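Asks: For this one, chain A is given, so just place chains B and C on it according to the hints.
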Amino acid sequence: MDDKIETRQLSFYYAKRQALRNVNLKVREKQITAFIGPSGCGKSTLLRVLNRMNDTIPGTRIEGEVLLDGRSIYGSGVDVVEVRKRVGMVFQQPNPFPKSIFENVAFGPKVLGMSHKVSLDDTVERSLKAAALWDEVKDCLGKSGLALSGGQQQRLCIARALATEPEVLLMDEPCSALDPQSTLRIEELMDELKEQYTIVIVTHNLQQAGRVSDWTGFLFLGELVEYSKTADLFSRPQNKRTEDYITGRFG
Amino acid sequence: MRARYLIDRSSRTLLLVCAFLTLVVLAAIAVYTFMFALPAIREVGLWHFLFGKVWRPESGLYGILPMIVGSVVVTLGALILAVPLGIGCAILLAEVAPQRVRQFLRPAVELLVGIPSVVYGLVGLVIVVPLVRRIEGPGLSVAAGIIVLAVMILPTIVSISEDSIRAVPKSHKEGALALGATHWQTIWRVLLPSARSGIVASVVLGMGRAIGEAMAMIMVLGMAPRIPSSLFSPASTLAGMIAAEAPEASGVHRSALFAMSVVLFLLIIVINGVALAIMRRGSRAQGIS
Amino acid sequence: MPRASARLTQKMAMVCVWATGAITVFALLVIIGYTLYRGLPHVGWSFLTTPPRGGTSGAGGISTVIVATLYLMGLTLVILVPLGVGAAVYLAEYAPDNRLTRLIRFGTEVLAGVPSIVFGMFGFALLVIALHFKFSILSGALTLVCLLLPTLIRTSEEAIKAVPRSYREAALALGATKWQTTWRVTLPAAIAGIATGIILCIGRAMGETAALYVTMGGTTALPTSLLSSGRTLAVHLYYLATVTNNLDGAFAVGVILIIVIVVTNSITTWLSQRFRGRMAGGA
Chain A
1 MDDKIETRQL SFYYAKRQAL RNVNLKVREK QITAFIGPSG CGKSTLLRVL NRMNDTIPGT
61 RIEGEVLLDG RSIYGSGVDV VEVRKRVGMV FQQPNPFPKS IFENVAFGPK VLGMSHKVSL
121 DDTVERSLKA AALWDEVKDC LGKSGLALSG GQQQRLCIAR ALATEPEVLL MDEPCSALDP
181 QSTLRIEELM DELKEQYTIV IVTHNLQQAG RVSDWTGFLF LGELVEYSKT ADLFSRPQNK
241 RTEDYITGRF G
Chain B
1001 MRARYLIDRS SRTLLLVCAF LTLVVLAAIA VYTFMFALPA IREVGLWHFL FGKVWRPESG
1061 LYGILPMIVG SVVVTLGALI LAVPLGIGCA ILLAEVAPQR VRQFLRPAVE LLVGIPSVVY
1121 GLVGLVIVVP LVRRIEGPGL SVAAGIIVLA VMILPTIVSI SEDSIRAVPK SHKEGALALG
1181 ATHWQTIWRV LLPSARSGIV ASVVLGMGRA IGEAMAMIMV LGMAPRIPSS LFSPASTLAG
1241 MIAAEAPEAS GVHRSALFAM SVVLFLLIIV INGVALAIMR RGSRAQGIS
Chain C
2001 MPRASARLTQ KMAMVCVWAT GAITVFALLV IIGYTLYRGL PHVGWSFLTT PPRGGTSGAG
2061 GISTVIVATL YLMGLTLVIL VPLGVGAAVY LAEYAPDNRL TRLIRFGTEV LAGVPSIVFG
2121 MFGFALLVIA LHFKFSILSG ALTLVCLLLP TLIRTSEEAI KAVPRSYREA ALALGATKWQ
2181 TTWRVTLPAA IAGIATGIIL CIGRAMGETA ALYVTMGGTT ALPTSLLSSG RTLAVHLYYL
2241 ATVTNNLDGA FAVGVILIIV IVVTNSITTW LSQRFRGRMA GGA
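Protein chains in written order, with our numbering: chain A, 1 to 251; chain B, 1001 to 1289; chain C, 2001 to 2283.
The shape of chain A in the complex, shown without the other chains (with noise of 0.2 Å):
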């Protein structure tokens, strides 16, 4: 199993604030990594460390490295577009654009370029398969992003993100603002995706990274305090805070 991306020394900083503190992790490829930890940990911090998301934030500074397949997305000479491509991100609350369904997955390609409108058809619905949304919203494409439920919305703006055609998919606690029901299904996607994908996630919901994920990583105060697989870091944590966090003794 290859490091899909990796950290070295990585710390980040809001102007004067230190978010993250030397964290070094390998995210392996193909597979579910989970950060948790509670509020103000660092843990979107680190996920939008990944995909340079924190770049439009004026002010932030950051030192160490993040490889992506082995090679540097900070360096001077990357192009923070070509990274965004491959690095996709879901956000907490569904944010599709107030276009219609095809407008908003087809977003992506005819932005970067990647394609003509025929196969731009065929993108947008293998990536609204890829989600599974396709069966739901196949007879209405030109209808509005935002009339879709909101499990919908976050299922579109999932397809959205897959229709670049992303290696790594970034998602910063997709399922908090949905209902169990969505939830649920969503969840299901994961363990699909992850067989074409590198799934990053960051949630609070400390059950749905024990169900879904197979790596955890627990941050703290910026800390990357504990990082293994899932199933040892839930019954045998080594580490006395990360034991706290687990069973509830500060959240």
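Hint data in this document are derived by calculation from the structure and do not stem from the laboratory. Quick caveat, the model's predicted, so the values are computed rather than measured. Just to be clear, a hint being listed does not mean it is correct.
[As the list claims (entries may be wrong)] Partial selection, computed: residues in chain C whose CB lies under 10 Å from chain A:
no.: 1; residue: D2097
no.: 2; residue: T2101
no.: 3; residue: S2166
no.: 4; residue: A2176
no.: 5; residue: F2275
[What the hints assert, rightly or not] Here are the in silico distance ranges between beta carbons for each label pair:
no.: 6; chain 1: A; residue 1: D79; chain 2: B; residue 2: I1278; range: 49 to 59 Å
no.: 7; chain 1: B; residue 1: N1272; chain 2: C; residue 2: L2227; range: 29 to 39 Å
no.: 8; chain 1: B; residue 1: R1106; chain 2: A; residue 2: L221; range: 49 to 59 Å
no.: 9; chain 1: A; residue 1: D79; chain 2: C; residue 2: S2272; range: 53 to 63 Å
no.: 10; chain 1: B; residue 1: S1010; chain 2: A; residue 2: L221; range: 22 to 32 Å
[Said to hold, decoys possible] With a straight-line cut-off of 27 Å between C-alpha atoms, the simulated DSS-like cross-links for lysine-lysine are:
no.: 11; chain 1: B; residue 1: K1170; chain 2: C; residue 2: K2011
no.: 12; chain 1: A; residue 1: K16; chain 2: A; residue 2: K30
no.: 13; chain 1: C; residue 1: K2011; chain 2: A; residue 2: K99
no.: 14; chain 1: A; residue 1: K110; chain 2: C; residue 2: K2178
no.: 15; chain 1: B; residue 1: K1173; chain 2: C; residue 2: K2011
no.: 16; chain 1: A; residue 1: K110; chain 2: A; residue 2: K194
no.: 17; chain 1: A; residue 1: K110; chain 2: C; residue 2: K2161
no.: 18; chain 1: A; residue 1: K229; chain 2: A; residue 2: K194
no.: 19; chain 1: C; residue 1: K2161; chain 2: A; residue 2: K143
Built from N, CA and C at the ideal position, the CB exists for glycine as well.
Replies: Positioned in the frame of chain A, the structure of chains B and C alone reads:
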């Protein structure tokens, strides 16, 4: 796909140019107006220009005090009329009137906001001026100007003040009522103070519109270049005189008109500054930063 | 305060408040009502299609005036919209928080407070005289652009800022460049607000008299080019009211102007209602 990056970078520059243009326009206006104003000031002298009581270009006399007085008097008078009326009407729309009344009144007010000032001037000329003439004087008078201006700025004050009152969080109102205050006490002691900055903003806006109004004032004031002796005597304003004489003026006369523009603009800045100072003092007293 | 006197105060206050409402309605009725009463009978097909005869009679229609107004509005919008929306996009999306940005914002605020006659004099000095554009539609349009720029920038910037941040984030995360995000996501999402601002500017331009009076000239002939002089509806009303004795004609033009304002107000109301739901994502 190199094109994508080229477009991205050049678009940023293009947009900056657009934004920078506003500064260019402002600078150009300032520069040109000053430049064209200087000859008159040099010829007449600043003191005699600002405080001279006689404006008779054909004799080479360029004192603009009558216009300054006219502008101030007419604007102040309009404010005295329009502000209480406007705030009262805003309270009516925001808190007192039933939905049916509001549904008809609010769009009507919005309509009045957009009606061109020449229409106000026309109605003023045909209805207000004769009415004033019945009471005293030639009709073209300070009184007519005040009435026309007041009606012109009233809708602006009403609509913006109403929005401000509506914007006060419900919790403030409910808190007061829950303590046993009457509806009016809630309006007077809680809603109006909270909406203060919006109301003041509407008044400042109205004031700006009033003092800058040219055509309507030409139509109802008479543009007499004398300091008005009473409410019923004709008068002139800075904006009105400039517009009235600009097409025909030349030489020093034209330059004097530009100098009047400068004075008008400075007057507006001063008044705006005073209004902002009042607003800031008010909110500090309330404990808002 | 004893309850009885508080209730009395309230009663009196309410009477006053309703009185202000009555006065406002009265003013509304007088202005709109009288204008319609006096002007509507004279508004007809021939009024709209015959040219004005000029001179002190003020007789005739307003056909050339309508043409001149349309020319003016067209030229003004063609220049104003790209500049204004472009500036707004820059301020909302690209501008760093530095001195230049603060200066630009300050400049826009100051410009918004300048009375229209000052713009008119500026246009007169620079365009009519210095640049030799003479009294023309071109001079008028450029003057109007300067006058309306702050308004359009302000409303457009608000509209752009109102677009939820999540849309931009989603677009960037998909690999769009900043320009692509702005052009394909942010601006389309803000289009209703921007359109409202444009229509507001149209309304204002239709009513603008002072600035055009000194830059466009006052001929009643049919304008043949951008350098032709002409009158807009509002300017024509002014001439009719002050120079001629055709007051009925003036009121007729007033009716046309009122209709224009009613139409622009309705469109902006419809726009904000229709698109508010869309942005909030109603099902």
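Asks: All hints, please: hold or fail.
Replies: Verification of the supplied hints:
For D2097/C, the shortest C-beta to C-beta distance to chain A is roughly 8 Å, which falls under 10 Å, so the interface hint holds. Interface hint status for T2101/C: violated, as the beta-carbon distance to the closest one in chain A is roughly 13 Å, over 10 Å. Hint on S2166/C holds. Least Cβ distance to chain A is approximately 4 Å, under the 10 Å limit. Because the closest C-beta pair between A2176/C and chain A is about 4 Å apart, less than 10 Å, the hint holds.
Interface restraint check: F2275/C against chain A, minimum CB-CB distance 9 Å, threshold 10 Å, status holds. D79/A and I1278/B have their C-beta atoms about 55 Å apart, which keeps the hinted 49 to 59 Å range intact. The hinted window of 29 to 39 Å between N1272/B and L2227/C holds, with their beta carbons roughly 37 Å apart. Judged by the Cβ atoms, the range 49 to 59 Å given for R1106/B and L221/A holds: they are separated by roughly 54 Å.
A C-beta distance of roughly 40 Å is found between D79/A and S2272/C, which places it outside the suggested range of 53 to 63 Å. Checked against the given bound of 22 to 32 Å, the beta carbons of S1010/B and L221/A, roughly 44 Å apart, lie outside it. Only pairs whose Cα atoms come within 27 Å are accepted, and K1170/B paired with K2011/C is accepted, the gap being roughly 23 Å. Restraint check for K16/A and K30/A: the C-alpha separation of about 36 Å exceeds 27 Å, so the hint is violated.
A C-alpha spacing of about 53 Å is found between K2011/C and K99/A, which places the hinted pair above 27 Å, so the restraint is violated. A hinted pair counts as satisfied when its Cα atoms are at most 27 Å apart, and K110/A with K2178/C qualifies at roughly 15 Å. For the hint linking K1173/B to K2011/C, the alpha-carbon distance of about 19 Å falls within 27 Å, and the restraint holds. Restraint check for K110/A and K194/A: satisfied, since their Cα atoms lie roughly 25 Å apart, inside the 27 Å limit.
Between K110/A and K2161/C the alpha-carbon distance is near 25 Å, which keeps this suggested pair within the 27 Å criterion. For the given pair, K229/A sits about 16 Å from K194/A by alpha-carbon distance, which is consistent with the 27 Å threshold. In summary, the hint linking K2161/C to K143/A is supported, as the alpha carbons are separated by about 26 Å, within the 27 Å threshold.
Checked against the numbered hints given earlier, this structure breaks hints 2, 9, 10, 12, 13; the rest are met.
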